[in-house]
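J.: Sequence:
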Amino acid sequence: MNPLTVLSLFAGIGGLELGLERAGMRVVGQVELDPWCRQVLAHHWPEVPRHDDVRTAVDWWHSQPRPDVELVAGGFPCQPFSTYGRRRGIADERWGWPWMRDVIDAIRPRYVLAENVAALLRDTDAFRIILDDLSHLGYLVEWSVVPACSLGAPHTRQRLFVLAHPAGNDGQRPLHLPAPLPPGRPRSGAAGGQTRAERWLPEPDVGRVAHGLPKRLVASHLRALGNAVVPAVTEHIGRALLAHTTTR
Numbered sequence: 071m072n073p074l075t076v077l078s079l080f081a082g083i084g085g086l087e088l089g090l091e092r093a094g095m096r097v098v099g100q101v102e103l104d105p106w107c108r109q110v111l112a113h114h115w116p117e118v119p120r121h122d123d124v125r126t127a128v129d130w131w132h133s134q135p136r137p138d139v140e141l142v143a144g145g146f147p148c149q150p151f152s153t154y155g156r157r158r159g160i161a162d163e164r165w166g167w168p169w170m171r172d173v174i175d176a177i178r179p180r181y182v183l184a185e186n187v188a189a190l191l192r193d194t195d196a197f198r199i200i201l202d203d204l205s206h207l208g209y210l211v212e213w214s215v216v217p218a219c220s221l222g223a224p225h226t227r228q229r230l231f232v233l234a235h236p237a238g239n240d241g242q243r244p245l246h247l248p249a250p251l252p253p254g255r256p257r258s259g260a261a262g263g264q265t266r267a268e269r270w271l272p273e274p275d276v277g278r279v280a281h282g283l284p285k286r287l288v289a290s291h292l293r294a295l296g297n298a299v300v301p302a303v304t305e306h307i308g309r310a311l312l313a314h315t316t317t318r
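In my numbering, the protein residues as written are 71 to 318.
Errors might be hidden in some of the hints.
Derived CB-CB ranges, DEER-like [claimed, not checked]:
{"hint": "1", "residue 1": "Gly208", "residue 2": "Gln134", "range": "26 to 36 Å"}
{"hint": "2", "residue 1": "Asp175", "residue 2": "Gly94", "range": "24 to 34 Å"}
{"hint": "3", "residue 1": "Asp122", "residue 2": "Met71", "range": "16 to 26 Å"}
{"hint": "4", "residue 1": "Pro137", "residue 2": "Gly208", "range": "18 to 28 Å"}
{"hint": "5", "residue 1": "Glu212", "residue 2": "Arg92", "range": "18 to 28 Å"}
Note that these hints are calculated values from the structure, not bench results. These figures come from a predicted structure and were not determined experimentally. A virtual CB, placed ideally from N, CA and C, is assigned to each residue, including glycine.
Generate coordinates for the entire structure from the input sequences, incorporating the hints supplied.
T.: Shown next as structure tokens:
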């Protein structure tokens, strides 16, 4: 069976698609505005085509022969719903869902996976728009808030995941987002000579220098790191999605 193909929007440094790739999917395209993030993506996915603007992503994708996209995934900007971003909601110019919706409408993937901060659920206008848009495009929608600590991370980091799949009557069993594992402290254990906690460290234990880079350079990239999706979470979701596709 061929791997499920993924087009990643608002890719950042690739945490979302890294988890999906670990689950057994194949990344076929990435869209990311930030130049430094695109360098990170190019380093880890050198063969994957990428684009810098989600607003023109459809024209870019159709500009030459591409593989069929079965999953459009993306964490559209969270600032409109976060405390840091002053929670301006759909009035915020960074409200990126309409751009993601346009890509979904043009490409019509079998599945959609959207990620954002859990606070999006409190903005009933924004969340209703997302649900209505996906419903009008012919998808059934479900959602779940998954804390990273439920997958072994040493921090809570609650994130909302919205999963959409076709509303057709083809006899396939319903698809449900997997329930997160019981939250709590990271499980003990070791792999590759490192404890689980050591594998979650953001940088080597060498003071405030990471791999020889000066502190000011590392600090300039902290926002991208802070926005990244924990790969273990999307791997968990991706495995459930693949299990569903193999039993259709």
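J.: Taking the hints in turn, state whether each one holds.
T.: Okay, the hints, checked on the actual structure:
Between Gly208 and Gln134 the CB atoms are about 27 Å apart, so this pair conforms to the stated range of 26 to 36 Å. Take Asp175 and Gly94: their Cβ atoms lie about 27 Å apart, and the range 24 to 34 Å holds. At about 33 Å, the CB distance of Asp122 to Met71 disagrees with the hint of 16 to 26 Å. Judged by the Cβ atoms, the range 18 to 28 Å given for Pro137 and Gly208 holds: they are separated by roughly 22 Å.
The hint said 18 to 28 Å for the Cβ distance between Glu212 and Arg92, and at roughly 22 Å that hint holds.
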